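Protein chains in written order, with numbering that gives the first Met the number 0: chain A, 0 to 416; chain B, 0 to 416.
Please keep in mind that the hints were generated in silico from the structure rather than gathered at the bench. Bear in mind the structure is a predicted one, so any value in this text is a computation, not a measurement. One or more hints might be untrue.
As the list claims (entries may be wrong) - Partner residues are not named here, just some residues of chain B that face chain A (Cβ under 10 angstroms, in silico):
1. His132
2. Ala324
3. Gly327
4. Cys337
5. Gly343
6. Ser404
Claimed, not checked - These stretches of chain B come out as covered by chain A in the derived footprint (C-beta under 8 angstroms, 3 or more residues):
7. 63–69
8. 362–371
Note that CB positions come from ideal geometry on N, CA and C, so glycine has one too.
There are 2 protein chains.
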Amino acid sequence: MLLYRDDIIPQLHGEHGMANGTITAAKGFLAAGIASGVKVSGKPDLGLVYCPQGATAAAMFTTNNVVAASVKVCKQHIRTSRIFAAVVNSGNANACTGTTGLAAAKVMCAKVGKELELKPEQVLIASTGIIGHKLPIKKVTDGIAMAAAALSNSAKAGLDFAKAIMTTDNRPKQAIRKVTIAGVEITLAGTVKGAGMIAPNMATTICMITTDAAIKRKMLGRAFKAAIGASLNRLTVDGHQSTNDTAMILASGAAENRTISKPGAAFNAFSAVLLDLTTDLAKQMALDAEGATRMFTVEVVGASSKPQAFKAARVVADYDLVKCAIHGADPNWGRIICAVGSCGVRFHPDKLTCKIGGVIVFRGGRPTSFDRARVRKIMTQKEHTIWIDLGMGKAKDFCYGCDLSREYITINADYHT
Amino acid sequence: MLLYRDDIIPQLHGEHGMANGTITAAKGFLAAGIASGVKVSGKPDLGLVYCPQGATAAAMFTTNNVVAASVKVCKQHIRTSRIFAAVVNSGNANACTGTTGLAAAKVMCAKVGKELELKPEQVLIASTGIIGHKLPIKKVTDGIAMAAAALSNSAKAGLDFAKAIMTTDNRPKQAIRKVTIAGVEITLAGTVKGAGMIAPNMATTICMITTDAAIKRKMLGRAFKAAIGASLNRLTVDGHQSTNDTAMILASGAAENRTISKPGAAFNAFSAVLLDLTTDLAKQMALDAEGATRMFTVEVVGASSKPQAFKAARVVADYDLVKCAIHGADPNWGRIICAVGSCGVRFHPDKLTCKIGGVIVFRGGRPTSFDRARVRKIMTQKEHTIWIDLGMGKAKDFCYGCDLSREYITINADYHT
Numbered sequence: 000m001l002l003y004r005d006d007i008i009p010q011l012h013g014e015h016g017m018a019n020g021t022i023t024a025a026k027g028f029l030a031a032g033i034a035s036g037v038k039v040s041g042k043p044d045l046g047l048v049y050c051p052q053g054a055t056a057a058a059m060f061t062t063n064n065v066v067a068a069s070v071k072v073c074k075q076h077i078r079t080s081r082i083f084a085a086v087v088n089s090g091n092a093n094a095c096t097g098t099t100g101l102a103a104a105k106v107m108c109a110k111v112g113k114e115l116e117l118k119p120e121q122v123l124i125a126s127t128g129i130i131g132h133k134l135p136i137k138k139v140t141d142g143i144a145m146a147a148a149a150l151s152n153s154a155k156a157g158l159d160f161a162k163a164i165m166t167t168d169n170r171p172k173q174a175i176r177k178v179t180i181a182g183v184e185i186t187l188a189g190t191v192k193g194a195g196m197i198a199p200n201m202a203t204t205i206c207m208i209t210t211d212a213a214i215k216r217k218m219l220g221r222a223f224k225a226a227i228g229a230s231l232n233r234l235t236v237d238g239h240q241s242t243n244d245t246a247m248i249l250a251s252g253a254a255e256n257r258t259i260s261k262p263g264a265a266f267n268a269f270s271a272v273l274l275d276l277t278t279d280l281a282k283q284m285a286l287d288a289e290g291a292t293r294m295f296t297v298e299v300v301g302a303s304s305k306p307q308a309f310k311a312a313r314v315v316a317d318y319d320l321v322k323c324a325i326h327g328a329d330p331n332w333g334r335i336i337c338a339v340g341s342c343g344v345r346f347h348p349d350k351l352t353c354k355i356g357g358v359i360v361f362r363g364g365r366p367t368s369f370d371r372a373r374v375r376k377i378m379t380q381k382e383h384t385i386w387i388d389l390g391m392g393k394a395k396d397f398c399y400g401c402d403l404s405r406e407y408i409t410i411n412a413d414y415h416t
Numbered sequence: 000m001l002l003y004r005d006d007i008i009p010q011l012h013g014e015h016g017m018a019n020g021t022i023t024a025a026k027g028f029l030a031a032g033i034a035s036g037v038k039v040s041g042k043p044d045l046g047l048v049y050c051p052q053g054a055t056a057a058a059m060f061t062t063n064n065v066v067a068a069s070v071k072v073c074k075q076h077i078r079t080s081r082i083f084a085a086v087v088n089s090g091n092a093n094a095c096t097g098t099t100g101l102a103a104a105k106v107m108c109a110k111v112g113k114e115l116e117l118k119p120e121q122v123l124i125a126s127t128g129i130i131g132h133k134l135p136i137k138k139v140t141d142g143i144a145m146a147a148a149a150l151s152n153s154a155k156a157g158l159d160f161a162k163a164i165m166t167t168d169n170r171p172k173q174a175i176r177k178v179t180i181a182g183v184e185i186t187l188a189g190t191v192k193g194a195g196m197i198a199p200n201m202a203t204t205i206c207m208i209t210t211d212a213a214i215k216r217k218m219l220g221r222a223f224k225a226a227i228g229a230s231l232n233r234l235t236v237d238g239h240q241s242t243n244d245t246a247m248i249l250a251s252g253a254a255e256n257r258t259i260s261k262p263g264a265a266f267n268a269f270s271a272v273l274l275d276l277t278t279d280l281a282k283q284m285a286l287d288a289e290g291a292t293r294m295f296t297v298e299v300v301g302a303s304s305k306p307q308a309f310k311a312a313r314v315v316a317d318y319d320l321v322k323c324a325i326h327g328a329d330p331n332w333g334r335i336i337c338a339v340g341s342c343g344v345r346f347h348p349d350k351l352t353c354k355i356g357g358v359i360v361f362r363g364g365r366p367t368s369f370d371r372a373r374v375r376k377i378m379t380q381k382e383h384t385i386w387i388d389l390g391m392g393k394a395k396d397f398c399y400g401c402d403l404s405r406e407y408i409t410i411n412a413d414y415h416t
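The shape of chain A in the complex, shown without the other chains (with noise of 0.2 angstroms):
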């Protein structure tokens, strides 16, 4: 198991000489993960965030028609002014399982709030793992209870709860960056799970970031959008979202920086940081995607509309040939021709380019007579970037993606429950 990442670690050491890569390495958090036993495999399945002064917040939900009990609950929950804490259980996606199930996710909140004098309103929740199995919920509120007493802003405790989210993950997915703003350094750390299944279900991505900035919660739900949308929404596994995806950032204020009310230099800095942490946090999930062994970045530029440059971006990270290309480390041009030509999305082949690695593949309607030895050692780097041009406008926008396996199909055909 990986604590962070070893790119990360100089930054790690700051005045305090402690390195610290996870969520608590932001003031004013604590955090706890353990073992409830929903797990049949005594694995931790049951995390807690912590913020004793309360912090602002704001959270991003699956899109999917079909969503989670968490998810309804945690749609209520993000409207309280002041957020304390989060729950998140693994093992089971409490989806799927209707009245009772609801029933049970406010009992968590419930009991959150009883351990650590809050009002069930002030905790935000969310699930991954089975669903259409029923929530066994004395195990989680003993389990949360463990939790409570285990909070701890230790790097150990960050740790723990980037464990205790993972379903089959290979390993806990952790950044952190810190800026300095207005003379003032911030520390934004996340932790994600990643788009693991677990038979008889689905992808489900829990998102987890936390901040000591101070800033204005509606100021924070817009930068959050943002980062969101332009790296964890940016990424298709599948190409589907499930039932629980739940994305949060709670910012405590410890960091004491005058407050981010409204745009400006401060609001920028803090929104670029936190696009670049959610795009680790992306990346990780692709390259920890089940069977992954890859990742690539779709660019798409020379669109007629930003929705077209994505559609277009979007097809050719979904297409399953171009995901066995990749993965055989094939620079097959036509299937990637063959994906935007198939999307709906306006252009002439004859005014379309496509470069494989920064190597010009297919140019004015026909493949130029590239070097396909040299394309081909570029594919089989860890991540690496198809440019398509449109040459149709000036839009653009990108997607990523990653490989696919036999080890995706092992994992999804095989395991059964």
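Knowing the structure of chain A, use the given hints to seat chain B on it.
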């Protein structure tokens, strides 16, 4: 290699006592299939159909924005009132080949015309195979001469044609139907090449139907559009059409029935049997899709409109997680509900009902306590149905799909050019 499927052999022993399950079974048609050398394997790669008396014809093409030279030329020639021949080459798609490719497609039709004393525009054309590679036109024109010399109405000649249009298909796919309309027996026969890819390329579907029915061009077009729309266009393997997809029907009139010239009983009978034939071919394609071990039908009822029903059916048939679950014979209702929920189709989860192989697995917002072993057994069959009632209205539609296996990845990732 199968000459024809076992279950249709009994139909073939007609008045002549000869079993012919190929496109030459319809009176008035000769066919041939030869190896021109375009395929480096030396396998058959050029097919020719000839109707000496001329035929009314209809065709449908890919909706991809990027189309092959053959599609451009065929779209012009299909306007000709009587068609006498059709040429199909495999091994080279002649797509993304610029003006040289367009000229080559025209040369192919001209060569057929020269051999059979026809005008080029009386010849239809289709190509399938590698894209972005220049067509070796000398080999192709020499091949056309060989095919013209080999034309025959024998079953072997029909089978040769079916083999010549194959790419990564495991077997030739053929079907035949006979129907008596106003006392006259009419034959419809067809062959199709499936969703096979040759690296660095894409799926291409080529479908050739012959019939000895006498039917006006307009009515033939109408029946064909409806039949293909409800069969080949209801099949999804990777979710997208290629640059080369072409389906054609030629009607010789040699059965000497009273010409079908308007809607009515005769037209309806013809349309029904044509749909039955193309459905047979579509199902053969699904079962012979790359890596597929079984197929399934997604039936959606209770939708608020037919497009909504189709959208829901298609998203389920295209959803990789559903395809993996079917590969593993896992009655994974969660992935099905999640797919439907993700596609933007209007429904309320509490009103949705889902059956797998006739067994209700989900109703009233939650799973039923169904017999998993029984459903799993149904799912191991060659074909089963996922039935979804959205509970919103009276519209319905359907889609065919196939499972997703490791073999698909192997075919599409590991076989480089």
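* To do: Sort out which numbered hints this structure fails and list those numbers smallest first.
  => none
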